[in-house]
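S.K.: Sequence:
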Amino acid sequence: MRLIRDIQKELGLAVIFITHDLGLVARIADRVAVMYAGQIVETAPAIELFENPQHPYTLGLLASIPIPGRTQPGQPLGSIPGLVPSLVGEQHGCAFRNRCPQAIPACADDVPPINSHNHMTRCLFAAAGAEAVFHHEGVPS
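Adding 2 to a residue's 1-based position in the sequence shown gives its number in our numbering.
Take these hints with a grain of salt, some might be off.
[Unchecked claim] The calculated SDA-like cross-link candidates involving lysine to any residue, where the alpha carbons are at most 20 Å apart (straight line), are:
| hint | residue 1 | residue 2 |
| --- | --- | --- |
| 1 | Lys11 | Val34 |
| 2 | Lys11 | Ala48 |
| 3 | Lys11 | Met37 |
| 4 | Lys11 | Ala39 |
| 5 | Lys11 | Gln41 |
| 6 | Lys11 | Arg29 |
| 7 | Lys11 | Pro47 |
[Stated by the list, open to error] Ranges between beta-carbon positions, derived for each pair:
| hint | residue 1 | residue 2 | range |
| --- | --- | --- | --- |
| 8 | Val90 | Asn54 | 30 to 38 Å |
| 9 | Gln77 | Asp112 | 36 to 44 Å |
| 10 | Ala39 | Ile9 | 27 to 35 Å |
| 11 | Gly71 | Gln93 | 34 to 42 Å |
The hints are simulated quantities; they were obtained by calculation from the structure and are not laboratory data. Built from N, CA and C at the ideal position, the CB exists for glycine as well.
Let's have the full structure, built from the sequences with the hints guiding it.
M.R.: Structure (structure tokens):
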């Protein structure tokens, strides 16, 4: 990773890094895009995303990773209930709605637009404070 970061800085390049390792993302990324079912559901500067996640899927992801120094040995990690949707055929509405504890009928109608400018979230509830949906402990180390 150090080599990639050095080349990026030396040549002034942008790097797109695809991973499920959120600890690594927290250490190397300037900006993060969270994807679910082939759609970007949240994007923000890395520090802001880890400190103030707004999409219920992002909150669920963060609740599912251990935080060194905070998560006690043997402490259960969070999980996201339900099944990943089929990606075959035409998709309608929010892809996360069947797993989201805040989903309402409107979530099935259309794909929510991405709202905000710097911290963008594709969720009807993001502005209302989705943090209550899943517990998270902030930036992973």
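S.K.: For each hint, tell me whether it holds in the structure or not.
M.R.: Hints, verified against the model:
1. Lys11 <-> Val34: Holds. Lys11 to Val34 sits at ~18 Å (cutoff 20 Å).
2. Lys11 <-> Ala48: Measuring from Cα to Cα gives roughly 18 Å; hence the hint holds.
3. Lys11 <-> Met37: violated, 26 Å
4. Lys11 <-> Ala39: violated, 32 Å
5. Lys11 <-> Gln41: Judged against 20 Å, a Cα distance of about 29 Å means the pair is violated.
6. Lys11 <-> Arg29: Status holds; Cα separation ~15 Å.
7. Lys11 <-> Pro47: The hint holds at about 18 Å.
8. Val90 <-> Asn54: 30 to 38 Å: Given about 34 Å between the Cβ atoms, the range holds.
9. Gln77 <-> Asp112: 36 to 44 Å: holds, 39 Å
10. Ala39 <-> Ile9: 27 to 35 Å: holds, 32 Å
11. Gly71 <-> Gln93: 34 to 42 Å: holds, 40 Å
When each numbered hint is compared with the structure, violations occur for hints 3, 4, 5.
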